[in-house]
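Those protein sequences? They're chains W and A, same order as listed.
Under our numbering, think of the first position of the first sequence as 1, with each following residue one higher.
Under our numbering, think of the first position of the second sequence as 1001, with each following residue one higher.
Keep in mind the hints are simulated off the structure, nothing from the lab.
Heads up, the beta-carbon is just placed ideally off N, CA and C, and yes, glycines get one too.
A hint or two may mislead.
What the hints assert, rightly or not - Only pairs whose alpha carbons sit at most 20 angstroms apart, straight line, appear in this in silico DMTMM-like list of lysine to aspartate or glutamate:
#1 W:Lys-86 x W:Glu-112
#2 A:Lys-1031 x W:Glu-153
#3 W:Lys-70 x W:Asp-82
#4 A:Lys-1068 x W:Asp-82
Said to hold, decoys possible - Calculated Cβ distances over 10 angstroms to all of chain A for the following chain W residues:
#5 Ile-56
#6 Lys-107
#7 Thr-109
#8 Thr-124
#9 Arg-155
#10 Phe-161
#11 Asp-167
#12 Arg-172
#13 His-174
#14 Asp-179
#15 Arg-187
#16 Trp-195
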Amino acid sequence: MADDRDHDHDHDHANPLHNHPPLQPDDESPPGRHEVMTEAMRELLVEKGVLSADDIRAALENIDSWAPSKGAQIVARAWTDDAFRKRLLADGNAALAEFGIDSGGAKVTVVENTDRVHNVIVCTLCSCYPRAVLGLPPDWYRSKNYRRRVVVEPRAVLEEFGLRVPDDRAVRVHDSLADLRYLVLPRRPEGTDGWTEEQLAGIVTRDCMVGVAEPRPE
Amino acid sequence: MTGSFTPGDRVRVIRAHPPGHRRTPYYIRGKEGVIERICGAFPNPEELAYGFDGRPAKTLYRVRFRQKDVWPDYAGAEIDTVDVDIYEHWLNPA
Chain W
1 MADDRDHDHD HDHANPLHNH PPLQPDDESP PGRHEVMTEA MRELLVEKGV LSADDIRAAL
61 ENIDSWAPSK GAQIVARAWT DDAFRKRLLA DGNAALAEFG IDSGGAKVTV VENTDRVHNV
121 IVCTLCSCYP RAVLGLPPDW YRSKNYRRRV VVEPRAVLEE FGLRVPDDRA VRVHDSLADL
181 RYLVLPRRPE GTDGWTEEQL AGIVTRDCMV GVAEPRPE
Chain A
1001 MTGSFTPGDR VRVIRAHPPG HRRTPYYIRG KEGVIERICG AFPNPEELAY GFDGRPAKTL
1061 YRVRFRQKDV WPDYAGAEID TVDVDIYEHW LNPA
């Protein structure tokens, strides 16, 4: 792709033969106060030998490796192993540790969707999110629009995500504010009898575990 | 006044507006709900935010509120709720 920089031809990004990442211009704007402080702190830590540049790189690489697929594996296990499901609901951190996941200091609290209750997660104060199992939160989760509205009019917000919850099913919003991190355990959909854990994990998306969608068998 | 609550107890969130880093959102202050569970004791984040050690640890509760009690003009179903994590020093018996 070395000489491909000026390609201004029309092309379809869905074309698998043309699979460069979407182009995003470099941010050339002057750094903000917090960026300057962060950079100064990083330089000092490296200069004083507290951390190496490679430590910082490796930590960022580790954060980037967190992905919703871990959460999906946990949900699939809960669907197929009722004893695990009970352990997961009773003590999220201990159940995650069975998957080798360290949840850090936060208390992981798993809330189960049923035919009577639909759960949805928000952090109205900032962007608390179960990063150890879902990775970094999507932009909409951190947006003021979502954070402000989902506590006030959750059913309207869910409809915008394409999820209609019938009135006889309670919508339970969880405002994750301090030391808890919530994960929604969705309902296992009809039509998945006999599926393997791997197949099941394949339909459990990030949004299902935040509670703005429900898994559907493909 | 703070108390030791058990699940099912009715509580009211203190309506106060102290300055500083607070983990109790404005919309829930003054509202009445029910203790859903005791989450355990955690170093007080309102102290941690300023470099103190957050000791003694505070009991954290999950409190369930009826949406109709939180928002008088709530448009959703009667059975809808919002669960909020609240530290003991923000709660009084209702």
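Practice prompt. Would you check the hint for Lys-70 (chain W) and Asp-82 (chain W), treating anything up to 20 angstroms between C-alpha atoms as holding?
Written response: Judged against 20 angstroms, a Cα distance of about 18 angstroms means the pair holds.
Item to complete: With 10 angstroms as the threshold, tell me whether Ile-56 (chain W) passes as away from chain A on beta-carbon distances.
Response: The claim holds: Ile-56 (chain W) sits with its nearest Cβ about 23 angstroms from chain A, beyond 10 angstroms.
Item to complete: Test the statement that Asp-179 (chain W) is away from the interface with chain A: the closest C-beta pair must be farther apart than 10 angstroms.
Response: Incorrect as stated: the minimum Cβ-Cβ distance to chain A is 4 angstroms, not above 10 angstroms.
Fill in: Reported absence of Asp-167 (chain W) from the contact zone with chain A (all CB gaps over 10 angstroms)
It is violated; Asp-167 (chain W) is separated from chain A by about 4 angstroms at its closest Cβ, not greater than 10 angstroms.
Worksheet item: Taking 20 angstroms as the top limit, are the C-alpha atoms of Lys-86 (chain W) and Glu-112 (chain W) close enough?
Response: With a Cα-Cα distance of about 10 angstroms, the restraint between Lys-86 (chain W) and Glu-112 (chain W) holds, given a limit of 20 angstroms.
Worksheet item: Would the least Cβ to Cβ distance between Arg-187 (chain W) and chain A come out above 10 angstroms?
Response: 17 angstroms, holds
Worksheet item: Are all C-beta atoms of chain A more than 10 angstroms from that of Arg-172 (chain W)?
Response: 5 angstroms, violated
Worksheet item: Is it true that the CA of Lys-1031 (chain A) sits at most 20 angstroms from the CA of Glu-153 (chain W)?
Response: Roughly 18 angstroms between the alpha carbons, so the hint for Lys-1031 (chain A) and Glu-153 (chain W) holds.
Practice prompt. Verify that the Cβ of Arg-155 (chain W) lies farther than 10 angstroms from every Cβ atom of chain A, and report whether the claim holds or is violated.
Written response: 5 angstroms, violated
Practice prompt. Measure nothing beyond the straight line between the CA atoms of Lys-1068 (chain A) and Asp-82 (chain W); if it is 20 angstroms or shorter, mark the hint as holding.
Written response: Status violated; Cα separation ~35 angstroms.
Fill in: Non-interface label on Thr-124 (chain W), tested against every C-beta of chain A at 10 angstroms
5 angstroms, violated
Worksheet item: Does the no-contact call for Trp-195 (chain W) survive, Cβ to all of chain A over 10 angstroms?
Response: 31 angstroms, holds
In the structure shown, a violation is registered for the earlier hints numbered 4, 6, 7, 8, 9, 11, 12, 13, 14, in ascending order.
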